[in-house]
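Visitor: Each chain, letter by letter, is given below.
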Amino acid sequence: DGGITQSPKYLFRKEGQNVTLSCEQNLNHDAMYWYRQDPGQGLRLIYYSQIVNDFQKGDIAEGYSVSREKKESFPLTVTSAQKNPTAFYLCASNPGLPNTEAFFGQGTRLTVV
Amino acid sequence: SQKIEQNSEALNIQEGKTATLTCNYTNYSPAYLQWYRQDPGRGPVFLLLIRENEKEKRKERLKVTFDTTLKQSLFHITASQPADSATYLCALDTTGSGYSTLTFGKGTMLLVSP
Numbered sequence: 013d014g015g016i017t018q019s020p021k022y023l024f025r026k027e028g029q030n031v032t033l034s035c036e037q038n039l040n041h042d043a044m045y046w047y048r049q050d051p052g053q054g055l056r057l058i059y060y061s062q063i064v065n066d067f068q069k070g071d072i073a074e075g076y077s078v079s080r081e082k083k084e085s086f087p088l089t090v091t092s093a094q095k096n097p098t099a100f101y102l103c104a105s106n107p108g109l110p111n112t113e114a115f116f117g118q119g120t121r122l123t124v125v
Numbered sequence: 005s006q007k008i009e010q011n012s013e014a015l016n017i018q019e020g021k022t023a024t025l026t027c028n029y030t031n032y033s034p035a036y037l038q039w040y041r042q043d044p045g046r047g048p049v050f051l052l053l054i055r056e057n058e059k060e061k062r063k064e065r066l067k068v069t070f071d072t073t074l075k076q077s078l079f080h081i082t083a084s085q086p087a088d089s090a091t092y093l094c095a096l097d098t099t100g101s102g103y104s105t106l107t108f109g110k111g112t113m114l115l116v117s118p
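Protein chains in written order, with our numbering: chain A, 13 to 125; chain B, 5 to 118.
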């Protein structure tokens, strides 16, 4: 089945550590996105990529990094510079064409311990 | 500043009634608007997309309207069921080009009681 897969579902990180969240899609989509969701809040855009080997900062990119070496993969690294990393992280993709829906993964809940 | 506003209070309705959720926006001229459903601990799921030149869109028990003059979209679920209980998010293309990333509202929680 085609879809978008995030792993792991739950992740615990010690303060000062970097951690990488995985996002893989087999939908042949050009565009991929990372959002952060805090309790009672909407989704906020961290980074997005509209083509392989290219990506742009979203509204809250500080303390995060990404890569897009393959069309199928868009991993997100939460660095120690991110002051409040505990949140629910969502990866999404779409074909990159106008007026198209986004497909989301099931999310990764990151907790700093 | 640019804003997307959805009613932050949960909407409680009885089974069988029509639920109406509101999405208001300011300082955008979106080419389209989308509605998503999100269940607790899960990613949003796409429901409907409506373009700026469309007044209304329907899909089964769902109906969306889009008033670019009022800068408002209404999302209706008719004959609501307890299984419709979830958070509903509206999302806009914020550049008006159709190619931009989506900006989401905070969502409105809908609770349908039997």
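No lab work stands behind these hints, which were simulated from the structure alone.
Wrong hints could be hidden among the right ones.
[Stated by the list, open to error] Chain A regions said to be covered by chain B (calculated; three or more residues, Cβ under 8 Å):
1) 23-37
2) 45-54
3) 88-96
[Claimed, not checked] Using 35 Å as the maximum straight-line C-alpha spacing, the simulated DSBU-like pairs for lysine-lysine come out as follows:
4) 95(A) - 67(B)
5) 69(A) - 95(A)
6) 110(B) - 95(A)
7) 21(B) - 69(A)
8) 82(A) - 110(B)
9) 21(A) - 59(B)
10) 26(A) - 59(B)
11) 67(B) - 21(B)
Note that the Cβ used here is the ideal one computed from N, Cα and C, for glycine as well.
Visitor: Of the numbered hints stated previously, which ones are contradicted by the structure, given in increasing order?
Guide: Hints 1, 3, 4, 7, 9, 10 not satisfied by this model.
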